[in-house]
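Protein chains: 2
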Amino acid sequence: MGIVVVGTVAFDTVETPFGKGENVLGGSATYFSTAASFFSEVSLVAVVGEDFPEEHVAFLRSREINLAGLQRIPGRTFHWSGRYGYDLNEAQTLDTQLNVLLAFKPQLPPAYRETDVLFLANIDPELQLEVLDQVTAPRLVACDSMNFWISSKPAALREVIKRVDIVLINEGEARMLTGEPNLIKAARSIIAMGCKRLVVKRGEYGVLMFTADTVFAAPAYPLEEVFDPTGAGDTFAGGFMGYLANTGDLSEEGIRQALVFGAVMASFNVEAFSLDRMKRLTYREIEARYRSFRQLTSFRDLPAP
Amino acid sequence: MGIVVVGTVAFDTVETPFGKGENVLGGSATYFSTAASFFSEVSLVAVVGEDFPEEHVAFLRSREINLAGLQRIPGRTFHWSGRYGYDLNEAQTLDTQLNVLLAFKPQLPPAYRETDVLFLANIDPELQLEVLDQVTAPRLVACDSMNFWISSKPAALREVIKRVDIVLINEGEARMLTGEPNLIKAARSIIAMGCKRLVVKRGEYGVLMFTADTVFAAPAYPLEEVFDPTGAGDTFAGGFMGYLANTGDLSEEGIRQALVFGAVMASFNVEAFSLDRMKRLTYREIEARYRSFRQLTSFRDLPAP
Numbered sequence: 578m579g580i581v582v583v584g585t586v587a588f589d590t591v592e593t594p595f596g597k598g599e600n601v602l603g604g605s606a607t608y609f610s611t612a613a614s615f616f617s618e619v620s621l622v623a624v625v626g627e628d629f630p631e632e633h634v635a636f637l638r639s640r641e642i643n644l645a646g647l648q649r650i651p652g653r654t655f656h657w658s659g660r661y662g663y664d665l666n667e668a669q670t671l672d673t674q675l676n677v678l679l680a681f682k683p684q685l686p687p688a689y690r691e692t693d694v695l696f697l698a699n700i701d702p703e704l705q706l707e708v709l710d711q712v713t714a715p716r717l718v719a720c721d722s723m724n725f726w727i728s729s730k731p732a733a734l735r736e737v738i739k740r741v742d743i744v745l746i747n748e749g750e751a752r753m754l755t756g757e758p759n760l761i762k763a764a765r766s767i768i769a770m771g772c773k774r775l776v777v778k779r780g781e782y783g784v785l786m787f788t789a790d791t792v793f794a795a796p797a798y799p800l801e802e803v804f805d806p807t808g809a810g811d812t813f814a815g816g817f818m819g820y821l822a823n824t825g826d827l828s829e830e831g832i833r834q835a836l837v838f839g840a841v842m843a844s845f846n847v848e849a850f851s852l853d854r855m856k857r858l859t860y861r862e863i864e865a866r867y868r869s870f871r872q873l874t875s876f877r878d879l880p881a882p
Numbered sequence: 578m579g580i581v582v583v584g585t586v587a588f589d590t591v592e593t594p595f596g597k598g599e600n601v602l603g604g605s606a607t608y609f610s611t612a613a614s615f616f617s618e619v620s621l622v623a624v625v626g627e628d629f630p631e632e633h634v635a636f637l638r639s640r641e642i643n644l645a646g647l648q649r650i651p652g653r654t655f656h657w658s659g660r661y662g663y664d665l666n667e668a669q670t671l672d673t674q675l676n677v678l679l680a681f682k683p684q685l686p687p688a689y690r691e692t693d694v695l696f697l698a699n700i701d702p703e704l705q706l707e708v709l710d711q712v713t714a715p716r717l718v719a720c721d722s723m724n725f726w727i728s729s730k731p732a733a734l735r736e737v738i739k740r741v742d743i744v745l746i747n748e749g750e751a752r753m754l755t756g757e758p759n760l761i762k763a764a765r766s767i768i769a770m771g772c773k774r775l776v777v778k779r780g781e782y783g784v785l786m787f788t789a790d791t792v793f794a795a796p797a798y799p800l801e802e803v804f805d806p807t808g809a810g811d812t813f814a815g816g817f818m819g820y821l822a823n824t825g826d827l828s829e830e831g832i833r834q835a836l837v838f839g840a841v842m843a844s845f846n847v848e849a850f851s852l853d854r855m856k857r858l859t860y861r862e863i864e865a866r867y868r869s870f871r872q873l874t875s876f877r878d879l880p881a882p
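If you're matching them up, the sequences are chains V and R in order. Quick note on the numbering used here: the first sequence kicks off at 578 and runs consecutively. Quick note on the numbering used here: the second sequence kicks off at 578 and runs consecutively.
Bound conformation, chain V alone (with noise of 0.2 Å):
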């Protein structure tokens, strides 16, 4: 199986207490594309202006992704500016230049349509349910959303959210969302609206994966150097939902297998700036990670009752 990933490409300034990068590469489509790549075939749905360059786009292609999907408009490419203090789990963001965002109509290639998992990365939420239409009978998708869409367009959201199977969220978005502090009702609440599964991303403390009857703790890679936590989230979704479209298996067991890779590729992403660690990252590491992920986590049970 392989998978359509909806999203953005962009450029970032990123200031964290570690250093700054200017203009480096950045958008949610990126990462979750680069961290899928490494487990399966990846097409890639976004837009940019005519001021990004042929580097990035050759950075995609050697990670063998599709980028029919990859539309080049005039005007110049969505451009976000954040600063992170020492609580690294927290962007502030000091500017957004929407720019060739704007007139984001998401267009899958007639080739994309028969995708067997799609990804829609947080953009408006009406442009998530346009997606959604495009696509024929994928057998898992998955989206994330924002404060800002919980904010402005609820009702789209809300849709969005019945017609998916996993919903991935920040932990104070699914208590924003629903409007319920302890964090256990405001997930049975948002399964509640439809979907199968809610990931619910907690930072440094790892993640939350909740079902209707079951829920799996896993926490963060412990890490002595985090330089730029920018894509965390969507690296995070790319390991996952790359590992799950490789292996196809989608029980709990299989899947609570693929939110650990998606906890080691964010772990990697984090350790550098923009896409540098992906860049230079291999099979071989992050198998070695989930192993270390076992040791981190492991403990023996009881004797049987």
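It is worth saying that the hints were derived from the structure and are not from the lab. One thing to keep in mind: the hints can contain errors.
It does not matter which identical chain is meant; a pair holds if it fits inside one copy or across any two.
[Unchecked claim] The list that follows gives simulated cross-link-like pairs (lysine-lysine, DSS-like), each with its CA atoms no further than 30 Å apart:
id, residue 1, residue 2
1, K762, K597
2, K762, K856
3, K773, K762
4, K682, K762
5, K730, K762
Since the structure of chain V is already known, use the hints to place chain R on it.
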């Protein structure tokens, strides 16, 4: 192996979004020894005033806690008042009446001095040092502390850390103690102070346990109803040390298992005010929740390389 715990027995007045408990039974040694009593013999060292009711003494006795070290002196019992908002991770202290605690000089009855396991709950580190001078050859010593002692008695606290095996501390306090925002670096720095093992408590996000060359992450048990987090840290420590005292297994595997029992005990404690949940808890429930913890965190390994 039995345990000796030195700490406080107190009255608490606690407000949470879900209710209020006035002048209820509290204190670090109370929570610790009650939790530990499900697994091991426990001997308590603390002080109360003339106002401490027989009913509470009877409860501790019903848990078979040895009270030879419970001093009763003229004056009123230590009283803490605090409030929690919807973010149940952080208490706001409204009032602290130290009362008899001002005169507390921990004296271990002769029968306590040869204890195998000692827990120094959160009290003045100078008193913790006096207790350390009274024990003969403990196999395992752990301590807790708090921000107040980190800033007011840093030298004594460092001396305690050097002389114990395990330090249990909150995440924010680990950062404060070391001046290091990265938690993994903070942990290394605390271990370099001379303890063998560090347990970092992260409230609803669970715990991380460090040695010089291992890390273990355990989530908090996800609960739909958290009524009162008071005493969660001491209940956690009680379950942890109580289980260790019972098995005597100080291997990494044994200590990890004990840590999960600690998390299990804390998860029960927050389900009701004061020690109300502990009062009706059964060992069968504890084991069932341990198994749920395994379900919550388990994921499959990769095939061998």
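Evaluation of the provided hints:
no.: 1; hint: K762 x K597; result: between (39 Å within a copy, 22 Å between copies)
no.: 2; hint: K762 x K856; result: between (40 Å within a copy, 26 Å between copies)
no.: 3; hint: K773 x K762; result: within (15 Å within a copy, 39 Å between copies)
no.: 4; hint: K682 x K762; result: neither (35 Å within a copy, 46 Å between copies)
no.: 5; hint: K730 x K762; result: within (22 Å within a copy, 42 Å between copies)
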